[in-house]
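For the sequence shown, position 388 (counting from the first letter as 1) is numbered 388 according to the working numbering, and the numbering increases by one without interruption.
No lab work stands behind these hints: they were computed from the structure.
Accuracy of the hints is not assured; some may be wrong.
To be verified - Below are the BS3-like pairs computed for lysine-lysine, each with C-alpha atoms no more than 25 Å apart in a straight line:
id	residue 1	residue 2
1	K61	K114
2	K468	K394
3	K460	K220
4	K61	K138
5	K233	K220
6	K307	K238
7	K513	K228
8	K220	K238
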Amino acid sequence: MFEPVIPYLLVLAFALAAIGAARRVRLWRRGQPSPVPFWQGLAAMPRRYLVDLHHVVARDKYMSNTHVATGGGFVLALVLVVLVHGLGLHSAWLVWPLLAASLLMAVGALFVWKRRRKPASELPNSRLSRGPWQRLPKSLLAFALGFFIATLPAAGILPEGTGGALLTLLLLALCTWGLGELVFGMAWGGPMKHAFAGALHLAFHRRPARFGGGRDTGLKALDLTADKLGVEKVTDFKWNQLLGFDACVQCGRCESKCPAFAAGQPLNPKKLIQDMVTSLAAQEEVTYRGSPHPGQENAARTGCPDKPLVESMLDSQTLWSCTTCRACVEECPMMIEHVDAVVDMRRFLTLERGQTPGKGQEVLENLIATDNPGGMAPASRSNWAADLNIPLMKEVREADVLLWVGDGAFDMRNQRTLRALVQLLRAGGVDLAYLGNEELDSGDLARRLGDEATFQRLAKANIQTLGKYRFNRIVTADPHSLQCLGTEYAELGGDYRVEHHSELLAELHRNGKLAFNGGQSGKLTYHDPCYLGRYNGVYDAPRYLLDQLGFERSEMERSGFRSRCCGGGGGAPVTDIPGERRIADMRMDDARAVDAELMAVACPQCTLMMEGVVEPRPQVKDIAELLLDALAQPAQEQPQRQKEEAHV
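Make the full structure from the sequences, and use the hints.
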């Protein structure tokens, strides 16, 4: 009795979904142009969903199994519903798989219900958005049970007409509810919106190189000749960025790993993405039912695509709280690029309005005047190496390794790291030279603060200088310089092989060119710098080196790709947005929790932030310093080679 109604329900649901999809696409297309390989993206989408997305989802085994049951069960069940009930194909090869898929989906719905039935204050559920999301398990169950029961007659389990009018009305209600939420609602809003937007987001992702195990972490260059620099309104984002915002499933993984959110600064990355969605759709903020930006619990805003985001939806301090550590990006199962959005909006505030907070404006002025953020005399960049007799590239013209010093050259603490590194490289017989005063700031800080003009000026000047000399690779102890030179200069014409000092030192040890005494004692832990690990994928080399020294090494709870930020990236120390506590203090608490006596670091910024924590605390040393202390062979002289004469 109910069977003849189902085809009409399906047609209605799909027709309304198509209308909603067209409406949503029009909203996305209000964004700026961004060319994408259309058909190639669609063809790649299934693999990106089944492999890349689930690689991230699988980090949470509970949700991974739940998603396979609900997502996989729903897709299979919907296809079979169309075939069995829409087209009337009652083959046993279709009917029984439909019953199995419906049961699988129902089991998944129960797991979703179990996860969401706890109070919002209980972890991990406190990071989950409530409101409409609370009806999701009921909708999943309605679809699964409705079509399971409706399929029983086709399977020969129930006679036709069983239950009469009452059962028919019940099935009609369940199937209508399920189709309305899961098909119609997928395009019009609600908990399943992410499924429609997410699939297209995977197909037309702004960074397709991230898929297939790739890594794409460099910020996109800004066209400095454009009429508007940076993002003022939500429609200033690229259209596929807007698509990505709509793909957010509000799972809160980004929120749970954000150092600024944990420190009580006014940034919740999940809320930030929803701010973009709310603004694009011109909705009221009350539709969002998740954690707010800390300190802004009572804020009430209404989105508008034609108004500046900072005035209509955001407090500027939300943007300046970000350390650009990419913890949110690394955790996001939908592979949304939060950091790109933050920097795009910072660019407008800095370049168009000159509204860089704290000491940010002073730092940018220093970079313009002296090519370094501290405003130090450029001629003093080489003072740290006055007694080391390191060859200058302008004198030798060629070397195997070009040592990139970075702005640690102006800091007495990090000069110790640089001096230790030079001694280690000499002990390993490395043919090295450096630029001396020809080296300028890499531009990392300027770019993260939104001053793309200063970044590009510094980058092009450095690229021009590097182009005068011959070398096989650049080595640096600064992961921020590693990111700029090794990844972000490429878009401006600088394509180099750049390595972190831990990578070269590990290579020298493996090749027998460096040896260390393994008799060190004490408890040690290693802090992964964000710009070395999440940005550049270097996790093993530092640990390999530390394991040669004999320390009892323990991993902090958050390490590797989930390492907690030190709080020193993205210009955070100079913008200095207040919170409930310092990020560096939280990181040092992680070290104390494993009873570490020594924290090994591999980044000058991390060194400064960690040593800024009030004692008592573990001692902080760069890997190069620890290796030099354990060096088991005397330093060798720099290999002699013929120097080229400079042309006058």
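Exercise for the section: For the pair supplied as a hint, K468 and K394, confirm whether the alpha-carbon distance does not exceed 25 Å. Expected result: 9 Å, holds
Problem - Pairwise hint evaluation, K238 against K220, where the allowed Cα distance is 25 Å at most - result: 12 Å, holds
Exercise for the section: Assess, step by step, whether the Cα of K307 is no farther than 25 Å from the Cα of K238, and give holds or violated. Expected result: 17 Å, holds
Exercise for the section: Mind checking the alpha carbons of K513 and K228 for me, to see if they're no more than 25 Å apart? Expected result: Violated - the C-alpha atoms of K228 and K513 are around 53 Å apart, more than 25 Å.
Problem - Hint consistency between K460 and K220 [alpha-carbon to alpha-carbon, up to 25 Å] - result: 15 Å, holds
Practice task
For the pair we were handed, K233 and K220, check the Cα-Cα distance against 25 Å.
Solution key: Distance of about 18 Å is within 25 Å: holds.
Exercise for the section: Could you grab the alpha-carbon distance between K61 and K114 and see if it respects the 25 Å cut-off? Expected result: 15 Å, holds
Exercise for the section: Compare the distance between the alpha carbons of K61 and K138 with 25 Å, and conclude whether the hinted pair is satisfied. Expected result: 22 Å, holds
Hint check: a violation occurs at hint 7 only; the rest are consistent with the structure.
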